[in-house]
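> Protein sequences, first through last, are from chains A and B.
Position 105, counted from 1, in the first sequence is what this note's numbering calls 182; the numbers after and before it change by one each time, with no gaps.
Position 22, counted from 1, in the second sequence is what this note's numbering calls 99; the numbers after and before it change by one each time, with no gaps.
No lab work stands behind these hints, which were simulated from the structure alone.
Please read these numbers as outputs of a predicted model, since none were measured by experiment.
Some hints here could point you the wrong way.
Treat identical chains as interchangeable: a pair holds within one or across any two.
Pairs of lysine to any residue, SDA-like flavour, derived with a Cα cap of 20 Å [as the list claims (entries may be wrong)]: (1) 222 / 267; (2) 152 / 224; (3) 171 / 149; (4) 152 / 186; (5) 152 / 205; (6) 222 / 268; (7) 222 / 156; (8) 214 / 117; (9) 273 / 255; (10) 222 / 273; (11) 160 / 148; (12) 273 / 228; (13) 273 / 205; (14) 134 / 270; (15) 273 / 226; (16) 214 / 270; (17) 214 / 264; (18) 214 / 267; (19) 273 / 126; (20) 98 / 117; (21) 131 / 245.
In case you want the letters, here they are:
Number of protein chains: 2
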Amino acid sequence: MDGCICMANGDVSLTKTKPKKIPAEERRNITVEAVIDLAGSSNPDSITTAAIAKHMKLTQGAIFRHFPNKDAIWKAVMNWVAKNLMARIDRAAKDITSPTGKMEAMFLAHIAFVADHPGAPRMLFGELQGARQTPAKRLAQSMMKQYAARLRDMITSGKECGELRDNLDVEAAATLFIGTIQGLVMQSLIAGDMDKMRADAPRVFDIYLHGISRAGDTEEQE
Amino acid sequence: MDGCICMANGDVSLTKTKPKKIPAEERRNITVEAVIDLAGSSNPDSITTAAIAKHMKLTQGAIFRHFPNKDAIWKAVMNWVAKNLMARIDRAAKDITSPTGKMEAMFLAHIAFVADHPGAPRMLFGELQGARQTPAKRLAQSMMKQYAARLRDMITSGKECGELRDNLDVEAAATLFIGTIQGLVMQSLIAGDMDKMRADAPRVFDIYLHGISRAGDTEEQE
DNA sequence: TTAAATATAGTAATCAATTACTATCTTGAT
DNA sequence: ATCAAGATAGTAATTGATTACTATATTTAA
Chain A
78 MDGCICMANG DVSLTKTKPK KIPAEERRNI TVEAVIDLAG SSNPDSITTA AIAKHMKLTQ
138 GAIFRHFPNK DAIWKAVMNW VAKNLMARID RAAKDITSPT GKMEAMFLAH IAFVADHPGA
198 PRMLFGELQG ARQTPAKRLA QSMMKQYAAR LRDMITSGKE CGELRDNLDV EAAATLFIGT
258 IQGLVMQSLI AGDMDKMRAD APRVFDIYLH GISRAGDTEE QE
Chain B
78 MDGCICMANG DVSLTKTKPK KIPAEERRNI TVEAVIDLAG SSNPDSITTA AIAKHMKLTQ
138 GAIFRHFPNK DAIWKAVMNW VAKNLMARID RAAKDITSPT GKMEAMFLAH IAFVADHPGA
198 PRMLFGELQG ARQTPAKRLA QSMMKQYAAR LRDMITSGKE CGELRDNLDV EAAATLFIGT
258 IQGLVMQSLI AGDMDKMRAD APRVFDIYLH GISRAGDTEE QE
């Protein structure tokens, strides 16, 4: 398909021609990347250890030299997703003072992250829906809680500084913010087109902003 | 577990107490219901034919007397979902004239359907995301297309009759409508609480309506 | 050399699907 | 009406493929 992952070690011998022996920690990172990669194009729940191993040019058994079991792999992947997503969102909102500006930056940063890593939301969705209470699920849930709390704070301060409607339902607004992202992501995953999501995101957020802003505030400067 | 399925045909013979042998078509319907039931509490993709059979008090092999293979089961299930969901939405919007009124009725009807059948959206999400182009996926995709087209028409006529903003982005508004539902559903599935979704839906739709309505139109009559 | 990293080659469990066979209902000629 | 013949719906056992996981041998970098 993409053919750009790792076929480049046949002849060209620089430092490592056949990088067979890789230190354990780096191998774990490679494993996480492989899983996220695979999750981008197949049901996360049915990604086998054999498929992971094949994708990173290893034998299946070798995986278990670096992870005690499959759940541990999932935990590592969820950890990666939570860390990188939150970092990206924080970075985007850092230099902006206005609450609505912060929210827009967060929204677009979140969308961009998902567009870069389509496997991430699929894993989140799949993992969170499962009945089984895995370590990975606990991680995902705590990230969601943290996300929602931060949003509520932001919306509340937006009301206080007059950018948002006084009668705005803070909880509903936070729910809709997250829901809007999830909905956009779902539709893009269904369409199999992440670029479409990038294009739609600003237009959709504009409507959301209309919905929460103080009447008359939202100027259409397009 | 419930013990009321088929043990009752030894002595009592009226017209039909509960015959052990069930005609093929009804058995197929029972199968569909069993799958949707199971999908409500476990990953649809990992529902086994054995689990389906057990849930409807049959042996695993008997399933294949009524379906040629597993894909055929999924196709039948998707057909059921598409038919019932669309019927319910149509019924809700039928007697309402105002476009925004129609949209609200559709929104709430959609949410109610999902709350009644939590397995349905899980199957749709799971099926639509998969890379494999199954008959079930084709069915789901055509339903989504039909849904989106109907929404765009409704929003357009809402603009024409003055209920919605003139500068409203029709496509984005339709995307956000569906996305809002999907987001609400996702969050409820994650929380494992369908009643919460029923309660949140009107509050969230109110914000959406704010976002698409003509300025000054939306009266807060609460 | 030596210890970590990987390969090889297994395991028991589970999957969808098929088989051989049995039980029950339906039908039509008498 | 009756009752063999055929159709229908079921069971139980088994298939080959695939799963997560493991035991042990081999390779390679320091």
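> All hints are to be evaluated individually against the structure, with a verdict given for each.
Quick rundown of the hints versus the structure:
Proximity of residue 222 and residue 267 under a CA criterion of 20 Å is satisfied inter-copy only: 11 Å between copies versus 26 Å inside one chain copy. For a Cα distance limit of 20 Å, the shortest separation of residue 152 from residue 224 inside one copy, 19 Å, qualifies, whereas the shortest one across copies, 37 Å, does not. Taking the shortest Cα distances, residue 171 and residue 149 never come within 20 Å of each other, neither inside one copy (33 Å) nor across copies (51 Å). With identical chains, the CA atoms of residue 152 and residue 186 are never at most 20 Å apart, being 24 Å at best within one copy and 37 Å at best between copies.
Proximity of residue 152 to residue 205 under the C-alpha cut-off of 20 Å is restricted to the intra-copy arrangement: shortest distance 12 Å within a copy versus 25 Å between copies. In this homomeric assembly, residue 222 and residue 268 come within 20 Å of each other (Cα to Cα) only across copies, at 11 Å, whereas the closest approach inside a single copy is 29 Å. Proximity of residue 222 to residue 156 under the C-alpha cut-off of 20 Å is restricted to the intra-copy arrangement: shortest distance 15 Å within a copy versus 36 Å between copies. Proximity of residue 214 to residue 117 under the C-alpha cut-off of 20 Å is found in both arrangements, the shortest distances being 19 Å within a copy and 17 Å between copies.
For the homomeric pair residue 273 and residue 255, the shortest alpha-carbon distances inside one copy (19 Å) and between copies (15 Å) are both at most 20 Å. When the C-alpha separation of residue 222 and residue 273 is checked against a cutoff of 20 Å, the pair qualifies only between copies, where the shortest distance is 16 Å, while the shortest distance within a copy is 28 Å. Taking identical chains as interchangeable, the C-alpha atoms of residue 160 and residue 148 lie at most 20 Å apart only when both belong to the same chain, with a minimum of 18 Å there against 38 Å between chains. Taking identical chains as interchangeable, the C-alpha atoms of residue 273 and residue 228 lie at most 20 Å apart only when they sit on different chains, with a minimum of 19 Å there against 25 Å within one chain.
For the homomeric pair residue 273 and residue 205, the shortest alpha-carbon distance between copies (17 Å) is at most 20 Å, but the shortest distance inside one copy (25 Å) is not. For a Cα distance limit of 20 Å, the shortest separation of residue 134 from residue 270 qualifies neither inside one copy, at 28 Å, nor across copies, at 42 Å. For a Cα distance limit of 20 Å, the shortest separation of residue 273 from residue 226 across copies, 18 Å, qualifies, whereas the shortest one inside one copy, 29 Å, does not. Taking the closest pair of Cα atoms, residue 214 and residue 270 come within 20 Å of each other only across two copies (16 Å); inside a single copy the shortest separation is 27 Å, beyond that limit.
Within a single copy, residue 214 and residue 264 get their C-alpha atoms only as close as 23 Å, which misses the 20 Å cut-off; across copies the closest is 14 Å, which meets it. In this homomeric assembly, residue 214 and residue 267 come within 20 Å of each other (Cα to Cα) only across copies, at 10 Å, whereas the closest approach inside a single copy is 23 Å. When the C-alpha separation of residue 273 and residue 126 is checked against a cutoff of 20 Å, the pair qualifies neither within a copy, at 32 Å, nor between copies, at 37 Å. For a Cα distance limit of 20 Å, the shortest separation of residue 98 from residue 117 qualifies neither inside one copy, at 27 Å, nor across copies, at 45 Å.
Taking the shortest alpha-carbon separations for residue 131 and residue 245, neither the intra-copy value of 51 Å nor the inter-copy value of 49 Å comes in at or below 20 Å.
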